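Chemist: Top to bottom, those sequences are chains R, X and L.
Quick note on our numbering: the first sequence kicks off at 6 and runs consecutively.
Quick note on our numbering: the second sequence kicks off at 6 and runs consecutively.
Quick note on our numbering: the third sequence kicks off at 6 and runs consecutively.
What the hints contain is simulated information worked out from the structure, not anything from laboratory work.
Some hints here could point you the wrong way.
Where chains are identical, the list cannot tell them apart; a pair therefore holds if satisfied intra-copy or between any two copies.
Pairs of lysine-lysine, PhoX-like flavour, derived with a Cα cap of 25 Å [stated by the list, open to error]: (1) K205 with K359; (2) K113 with K205; (3) K22 with K337; (4) K22 with K273; (5) K205 with K129.
Note that this is a predicted model, so its numbers are computed, not measured.
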Amino acid sequence: MANIPTNCHPAYTTHVKYRFSQVFLRNCWYIAAWSRDIGRNLVARTMLGDNVVLYRQRDGGVVVLEDACPHRKLPLSMGRLLGDIVECGYHGMQFDCSGACVLAPTQKRIPPNVRVRSYPVAEKWGFVWVWMGESDQADESKIYEIDDFDNPDWGMTEGGTLDIDCHYLWVTDNLLDPSHVAWVHRSSFAAPGTADVPLKIDTSDHGVVVSRWISNQTLPAYYAPLVKFEGNCDRMQHYEVRMPSICINRSIFTPVGTGGDPEQLHEKAYMMVSYNFMTPIDENRTTYYWFQRYNTDPDDAGIAMRLNEGAMMAFNEDREVLEAVHIGMNNKISSSLNLGLDAGSSHYRRMLDKAIAAEQSQ
Amino acid sequence: MANIPTNCHPAYTTHVKYRFSQVFLRNCWYIAAWSRDIGRNLVARTMLGDNVVLYRQRDGGVVVLEDACPHRKLPLSMGRLLGDIVECGYHGMQFDCSGACVLAPTQKRIPPNVRVRSYPVAEKWGFVWVWMGESDQADESKIYEIDDFDNPDWGMTEGGTLDIDCHYLWVTDNLLDPSHVAWVHRSSFAAPGTADVPLKIDTSDHGVVVSRWISNQTLPAYYAPLVKFEGNCDRMQHYEVRMPSICINRSIFTPVGTGGDPEQLHEKAYMMVSYNFMTPIDENRTTYYWFQRYNTDPDDAGIAMRLNEGAMMAFNEDREVLEAVHIGMNNKISSSLNLGLDAGSSHYRRMLDKAIAAEQSQ
Amino acid sequence: MANIPTNCHPAYTTHVKYRFSQVFLRNCWYIAAWSRDIGRNLVARTMLGDNVVLYRQRDGGVVVLEDACPHRKLPLSMGRLLGDIVECGYHGMQFDCSGACVLAPTQKRIPPNVRVRSYPVAEKWGFVWVWMGESDQADESKIYEIDDFDNPDWGMTEGGTLDIDCHYLWVTDNLLDPSHVAWVHRSSFAAPGTADVPLKIDTSDHGVVVSRWISNQTLPAYYAPLVKFEGNCDRMQHYEVRMPSICINRSIFTPVGTGGDPEQLHEKAYMMVSYNFMTPIDENRTTYYWFQRYNTDPDDAGIAMRLNEGAMMAFNEDREVLEAVHIGMNNKISSSLNLGLDAGSSHYRRMLDKAIAAEQSQ
């Protein structure tokens, strides 16, 4: 069950009709913020076109409400947090964590049925997750599961956030595309073989995996200082996307000749997993959250920091390309074409289209 | 009668068809500028979507013309003032104060019937007023009358101007709403009781008055230094709106127990009247002009200055809220609702809608 | 013949359908850049709404390609120049100077028929010219011919470039209008008589000439230091526009009484020719290129520099007016009218409309 505070109004549903954009899958969890960024103040975000306000209650629970007073649509985030109650900055209307109006101080009576939408919310893996669809379908067990998250032998980066001015599927395409690193990340992730070794595509109910083993490659600059063996490597790129827009990129570097089977890893194999979470702001903007875990140096803060800085640098390289792709594809005057490398993302886009259509026909 | 210069072309009407926005009441006076800001140079303004140019003639009269040369629509305000004549900066076409073209120097003959629109204009209460509708209906006696304007016992602020990026009716709503001060102006105009004492609504042919007496209130921070008695007060808020968008806010502070009847004021009662004039720039922007008069300290320039600064500070608090309301109401994805405090402004909006519809059906 | 490199793919045509704006004449040469600004790097420009990338090959020839990789429309100008080949910065697709894809490194096979549009290109008079229409109609002999360009007795300015936020025909109108100098260029090109001496209009298949002789005028400030005689002058303004948007402005200043016949010039007559070339960026923006030639002081770099600076200053005066005209004419709420001075440009606009319509009906 999602973290629905029990000490306030129970009703999540509302009789208010909402006009929603049709381009997003809504019955799923999206990240709204890093948990560490939400405290005892009002924070405004836009997710899937919805303006929301986030705050942490006195008991530590996070609340996510529609960020618009029902009266004149002033963002509640421009008001005040009074205890666990949000007060509008225009006429003092107060809303509890369920979105119910609990005070309309300019008059004797609270108008009936006044509420703002309250979104089911959960915290996991250091993030605040929000269920953007029907509240009664919210199920915390559907949040993406990270195996072995607390393994003390693994290092972890602090992670980062980046707003990118493009449709979120250009980002998921990119994170399902092991090839682009050869050109976009020439000085960090690229190495001989990144370009052209054939890709394997696997699909499931949840999404798509694009992967390949590259044999006898030199180590790319970003990973070289971390790997615990000498000489060339076999390298696995294992890029997974899951609905609605979660991308897990696994990289394995193992001594030459020991690659080929991720279940039987050499003792010196270096593994890194990048967890990437895209939250659409709207159809033209995306908030990108990420962090990385790796099977070495759990206590070396310097390594974690350098990895984090390197990721931010590389993702800014992606940002520059993806924003130009968004503009180019939106304004193209001639047709575009798919390459072989697009097979995985094309499959994923069809899968997502189907899920969105199914959700809307409910 | 409006100040129509008699030493130039008599015709205000023109055969040119204009395309006007349908959302404004046009047959009335709007403020274009402070009189003190119009001199012997060309000043551009936009009012009700019309671009106009203002200047003062040698005899002191103010002229307001359409700010577009009929040839290529270069703003006349980019040209020169030659005596009482405006010269276009592109090809030297000259227009007199009636808008008639009096010289077309690139050719022998002035093309027939060439003119720009000339707007009836008047000066009163320190402002330049412009009649935005049919010129032959312009009547200077219809300018809002301020009783006892020259009373030497009353102080007066210099006044101010603020451009607000919102529809002008969000501003008139706000100035007809005594309640918002409790939240928007917490540190200046608010005091206990501002929030919830019931409002009285009176209507007339000209507009609406929302008012109330608040008994036994502490003095709000903005007024406390001015009042000439000790202890708590009875407070009257008397908020009037008149067509098209003039708001007069009267405040009375009188010793506890002496309030209740504005006609029978205690000798130590403090009165302030805020005069507020909204000129729509277009449907999304408003120029807000104001000044204040008060029944004390007519010769204390320091008090006048501090009051003026306080008003500017408070009106910037309004600006921040009203611009967010304009965006919120324009982009709302769920319905909005009225509160009891909106009864006055709802009545006024209906009255104005009727007047606009009547004007357009003429 | 246009400078089509023979060492690469021969095909200029393509099966890709392009969506082009209908407002430009396409089967003609437009300037894309100064030759001196194109070297061994990728330069992005927008012409007639098309995004193009320019570069110079190792043999010195200039290549102009569509600036969008066919895969995801990333501008090729964000990629790299490898020898004479352009590499896309996303997945390394490579295109030769004909626009043909010659490498798709993420896969074994180049997808068939993949190409970007290649534009016929030529260099002349210090400019890179691009044929924006059907490649097979490109003919270098159609580039505007400048007589006696290399005459060593004539001085020449370095020339300049200015982006103007207006439709290109407001610029050609302006350059076909000898009258505006009296108001727009009051301190440089204007002199008594500039305003009202009648204009002569001549038309040809290529365009329109507006001209006049002004008798016994004082010398305008811009030209006075250059002229080699004392006293007043006769002045010729000879303004020519040629399709699509080339304007040649000839000025002659000759001792009083010796003017009237440009074929029989006085030995002390001063002549200046301004060559002006407009390339539409799109319907709302224009790139303006120009240089000047004059029959004196071929070796005086100081004079050339001062003339160039004066031209830039004057053309910025035009820019300010033309951008306001563009806005004024696009948003006019009342009708506009033509003056006598518009006869030439009106004729030219009709001629151009006819040519565009003829081209589109092909």
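Chemist: Could you run down the list of hints and mark each one as holding or not?
Modeler: Against the structure, the hints:
Proximity of K205 and K359 under a CA criterion of 25 Å is satisfied intra-copy only: 23 Å inside one chain copy versus 57 Å between copies. Taking identical chains as interchangeable, the C-alpha atoms of K113 and K205 lie at most 25 Å apart only when they sit on different chains, with a minimum of 15 Å there against 67 Å within one chain. Taking the shortest alpha-carbon separations for K22 and K337, only the inter-copy value of 11 Å comes in at or below 25 Å, while the best intra-copy value is 36 Å. Within a single copy, K22 and K273 get their C-alpha atoms no closer than 57 Å, and across copies no closer than 54 Å, so neither meets the 25 Å cut-off.
For the identical chains of this complex, K205 and K129 are neighbours neither inside a copy (31 Å) nor across copies (53 Å), given an alpha-carbon limit of 25 Å.
Hints 4 and 5 from the earlier list are contradicted by this structure; the remaining hints agree with it.
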